[in-house]
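So you can see what is in the structure, the chains are spelled out below.
Number of protein chains: 2
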Amino acid sequence: MSTQRYKCLVQYDGTNYVGYQIQINGKSVQEEIEKALKKMMKGQTIKITASGRTDSGVHALGQVIHFDLPISIKPESLRLAVNSMLPADISIKQVEKVVDDFHARYSAKGKKYIYRVDLNRFADPFKRFYTLHHPYRMNEDNLALALSKLEGEHDFTSFCSTRTDKENLVRTVYVAKVERDEANNELVFTFIGNGFLYNMIRIFVGTCLQIADGLKKPEEIDRLLEVKDRNAAGPTASGKGLYLVDVYYDESFKENL
Amino acid sequence: MSTQRYKCLVQYDGTNYVGYQIQINGKSVQEEIEKALKKMMKGQTIKITASGRTDSGVHALGQVIHFDLPISIKPESLRLAVNSMLPADISIKQVEKVVDDFHARYSAKGKKYIYRVDLNRFADPFKRFYTLHHPYRMNEDNLALALSKLEGEHDFTSFCSTRTDKENLVRTVYVAKVERDEANNELVFTFIGNGFLYNMIRIFVGTCLQIADGLKKPEEIDRLLEVKDRNAAGPTASGKGLYLVDVYYDESFKENL
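From first to last, the protein sequence lines are chains A and B. Residues 1 to 257 in the UniProt record's numbering are what the first sequence lists, from first letter to last. Residues 1 to 257 in the UniProt record's numbering are what the second sequence lists, from first letter to last.
Because the hints were derived from the structure by calculation, they are not lab data. Some hints could be false.
[Said to hold, decoys possible] Chain A is faced by these chain B residues, among others (derived, beta-carbon under 7 Å):
hint, residue
1, Y12
2, N83
3, P125
[To be verified] Output of the computed footprint for chain A on chain B, the stretches with three or more beta carbons under 8 Å from beta carbons of chain A:
hint, region
4, 89 to 96
5, 126 to 137
Glycine included, C-beta positions come from ideal geometry on N, C-alpha and C.
Modelling step: build the complete structure from the supplied sequences, incorporating the hints.
Rendered as structure tokens:
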């Protein structure tokens, strides 16, 4: 039977989920989307594939998934149908018909994440699920230097959860930077790379905040890239500050960095 | 026994509360703050007084409360102590010692509220508790005209819940306007007045959106101010888009409108 492949851009508030991927210990984003598709398909199971997992509490502004349907349906109609069956914390932002060899994970050329830090002395009640609260005085020059050292092609073993199932831990980070959002009194990290390992950005942030706080020197990054030991790096920062912003399927994203 | 009066600026995310005021049917903001003060005072009950109630789901960026303590404590120390005992969705933003005749409600000269409307075709998952979703094409000229008709001193009986306990329903609205927040694809209403009746702003918004949608003409506002009948006005818009932004204790706020 011939099928049509669809690519969807998905936003979700990860607060109430165990993560993107189906797990036995709680509600997942994947499960909710598959449930919505199954309802739309009158009981037929549709498997979806995402660009990658996101952890518990992690948000997405631009997660990408693909799936095949035995029917051809207008993208906007599909979007309307699925959104009407999804819970309010997940929303399909865009639907496209794509060729059968498009693959949300394998076709991805790069990803962009941001990580938001609430700098208010007392945590902002409206940001409690959307930022990490870190109200300490920081050395921003050391922070910028540390981040610049993460850019480039490296073996990121020190910045990868030991629970990874990957063998090759070499990745290229194109952008690792931080900006102050004065209006919101936030620090916003941006990371763009050809791929990120399990917990990689959260360990980047946990380690860089230690450097910003003066607990470690920026040169610690050089040593961590050298020693390839997760236990040598800083803590894994909370998932709630992390957002998957973009998944790139065309190498041209590198031209605008 | 001599006491010291304290004035506090309070922020809260109203999502998980039945409203500001203590009620038998659920958790209130007042109850949480009084519990925190009681803990700080080693079991002594401290009654707090706010500038006014906010309904279920309504948020505050600048609610004001006062209370008396039998001790004198530095404002920043008090802030730290209370915040450390409050849940994450309530935060004391500022503490001041005030004179004994300052009263959070009776001394108030005016208030400012905003109301946020999410214009996205599909509701933004991150705004589901913080905006009203209203994705319809609107006549913004008619909306602006309707709002301007609300400004001034009027008997607002048509815009007040019949459950009010007030007798005098005349209030002065200094500002009733709406602006587009293009970056967030929101419509943001601002209302500033010398006082607002029970549900008044939510009925303003419910009625004005009907006018914006073309269900009623802007001149309907003139008629509503005339007939003094709650049933003639539009619906009470959801509390979740509403924010108490400022309470003014000095008439000088009128100079900067």
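Hint-by-hint comparison with the structure:
The interface hint given for B:Y12 is met, as the beta carbon of that residue sits about 6 Å from the closest beta carbon of chain A, less than 7 Å. Taking 7 Å as the C-beta contact cut-off toward chain A, the hint placing B:N83 at the interface holds, the least distance being around 5 Å. Taking 7 Å as the C-beta cut-off, the interface hint given for B:P125 holds, the closest approach to chain A being about 5 Å. For the region 89 to 96 of chain B, the assignment as covered by chain A holds, since 5 residues bring a beta-carbon within under 8 Å of that chain's beta-carbons and 3 suffice.
Counting residues of the region 126 to 137 of chain B whose beta carbon lies closer than 8 Å to any beta carbon of chain A gives 3, which meets the minimum of three for the stated coverage.
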